[in-house]
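Participant: Chains as they are written, first to last, in the working numbering: chain F, 10 to 340; chain U, -19 to 241.
Check the hints yourself; a few may be wrong.
Unchecked claim - Label-pair distances were calculated between CB atoms; the ranges are:
1) U/Gln67 - F/Val93: 52 to 60 angstroms
2) U/His89 - F/Asp205: 18 to 26 angstroms
3) U/Arg90 - F/Glu204: 54 to 62 angstroms
4) F/Glu204 - U/His89: 17 to 25 angstroms
5) F/Val93 - U/Asp91: 44 to 52 angstroms
6) U/Lys167 - F/Ile108: 38 to 46 angstroms
7) U/Asp91 - F/Leu162: 49 to 57 angstroms
8) F/Glu246 - U/Thr50: 52 to 60 angstroms
9) F/Ser158 - U/Leu94: 47 to 55 angstroms
10) F/Leu39 - U/Lys96: 38 to 46 angstroms
11) U/Arg90 - F/Ser118: 23 to 31 angstroms
12) F/Leu96 - U/Lys96: 20 to 28 angstroms
No wet-lab data here; the hints were simulated from the structure.
Using N, Cα and C, we set each Cβ at its ideal position, and we do this for glycine too.
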Amino acid sequence: MAAMVNAWRWWWGILLAFFLVGLSRLFLPLPFIIEVLIFSIYTMGCSFLLGRVGFISFGQPAYLAAGAYGTAFYLFYFGSNPYVGILIGILSGLAVSGIVGPLFVRLRSDYFALVNLALAVIIYYLMQKVLAGITKGDNGLWFLTNIASTPVLDLGKPDHFFIFSILVALAIWAFYKYLDDSVFGACCLATKINEDKLKFLGYSNYGVRLLAFVIANTTTALAGAMYAVYLGFVSPEITSPARAADPVVVTILGGTGTLFGPLVGAIAYTGMKDVISKLIGNWELFIGFLLVFIMLAGEKGIWGTLQPWLERLFSRKKASPAAGEGAGARQ
Amino acid sequence: MSTEIIKTVGVTKCFGALVAVDRVDYSLRENEVAGIIGSNGAGKTTFFNLVTGYYPPDEGSIFYKGRDVTRMTPQQRVALGMTRTFQLTSTFDNLAVIDNLVLVYFRAHRDSTLLKLLLSTCRRHRNEDKIVATLETFDLQHVRDRLVKNLSLGEKRRLEIAMAVLAEPQVLMLDEPLAGLAESEIKVILEVLGRRVGKQTILIVEHKISHVKDFVQRLTVMHEGRVIADGGYEECLSDPEVRRSYWQIDTEQEGSKHAAA
């Protein structure tokens, strides 16, 4: 019984959040909710790298593109099963992060940010110019009609894709929640704040960072693969350098290093984009001002500001309140 | 005769024109409790850093149980059985006290491959007997779930030493472990370390000799990067060079005063 209560304490926040997202289907347009879900998965890796490991990455579109193009190549040239396409997208992200990771994670955080941006630019021009013969350049790959119907959840149908997105997002959140409580998660926080100490405990900072990098960017590739299947189209625009800062903006907007930050940030960002762009032409200008305001207000982001207020509101006393301050602190 | 566990031969380290450690030959025997003292800038901490692998030496060699470890990484030295603390308290401030100990416990007593790190939760190890006992020994139970950044300096220092002790290394190397502690806290730490005398090799770098004089079996005095005395407490302190450089007592003047008297 006690184990069940503990499990419930562990899970209730995530379940409630996704229940609310599911409920939003009743009064929000489907494309908006799906975009929020995919964007939040996209941001999760960036938030983990920044909040847990201390790496800021302006090259997340590179890994998004790896996933999207992996899926797109399969669905355009080879097959029609969207699940296989998504799996290939994930493996593409795993391969790219596995190849560049051993080089990138040796760098200091500022150089890490720039080298990732450089990778995004390289992939952008590869897809746009160098490999235009197979990527169709700026026209992109269109494969919506190639996607075959699948039993149970037919990803070709928007409602089914929505359910699939919620399930995937829930699984990703559960996984990151688990990571937060794992010894590996504690090592990530440790390497962020005191790599010397971790080294002198006998741990490999390099190994911890590399694994974190691969996990985070494979998650980003998953988001890319989902975008590809949802839109039935992929173009170099997905890895445009102009969009390089998006996941970082959403991470900071939502609350860096918090578990719900990416979801809250994605809702706020996509919402503002949709609402404000109807009112103001240059909606990015508003986002820029908002970001400056949030940073000046204490860098906590929306969730970081809301969390203490919500905790007071619900005033649920946990069995071991301060334990939550530690490795499993992200909420 | 116990075996030599750490040995340095002609170890030298320069920072630009400054020779921080100058051709130091040093040895530490198994289960010996030794201290290194010296005034500020004597090269104690640099020597400590060389032995633990924080810096590579410019010249000379470092041996651990007869094995040349001069070019080994700190992780490799930890795996061989060395654990150290830092002069400035070094803990993981963004983790809870208990999770700082879990990280040490996991590395020292479990298989700490990346896969195992990924498959194990901190929660599962927080109540391990050794961790609970360490918390009690160092009087840290009341702050076990508190983030380290919210601890006092004394509590942090106790935690760092607790982490080093929990690792159960063959050689425990403590860099000014008593700095900034209240007398009551110093007493606790010396009691804990005292219980390990004869069972573990301990090397302490300490600025204040009064704290460790009853505790160490052998003392080494450093001055301007060199070892100027090595031996028992009384032997070292009666050494004229130690009196001149460490205590700043002019032995010739003192002698002439005695003669005049």
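Participant: If a hint holds in the structure, say so; if it does not, say that too.
Facilitator: How the hints compare with the structure:
| no. | hint | result |
| --- | --- | --- |
| 1 | U/Gln67 - F/Val93: 52 to 60 angstroms | 57 angstroms, holds |
| 2 | U/His89 - F/Asp205: 18 to 26 angstroms | 22 angstroms, holds |
| 3 | U/Arg90 - F/Glu204: 54 to 62 angstroms | 21 angstroms, violated |
| 4 | F/Glu204 - U/His89: 17 to 25 angstroms | 22 angstroms, holds |
| 5 | F/Val93 - U/Asp91: 44 to 52 angstroms | 35 angstroms, violated |
| 6 | U/Lys167 - F/Ile108: 38 to 46 angstroms | 56 angstroms, violated |
| 7 | U/Asp91 - F/Leu162: 49 to 57 angstroms | 39 angstroms, violated |
| 8 | F/Glu246 - U/Thr50: 52 to 60 angstroms | 54 angstroms, holds |
| 9 | F/Ser158 - U/Leu94: 47 to 55 angstroms | 40 angstroms, violated |
| 10 | F/Leu39 - U/Lys96: 38 to 46 angstroms | 42 angstroms, holds |
| 11 | U/Arg90 - F/Ser118: 23 to 31 angstroms | 30 angstroms, holds |
| 12 | F/Leu96 - U/Lys96: 20 to 28 angstroms | 27 angstroms, holds |
Hint compliance for this structure: hints 3, 5, 6, 7 and 9 are broken, all remaining hints hold.
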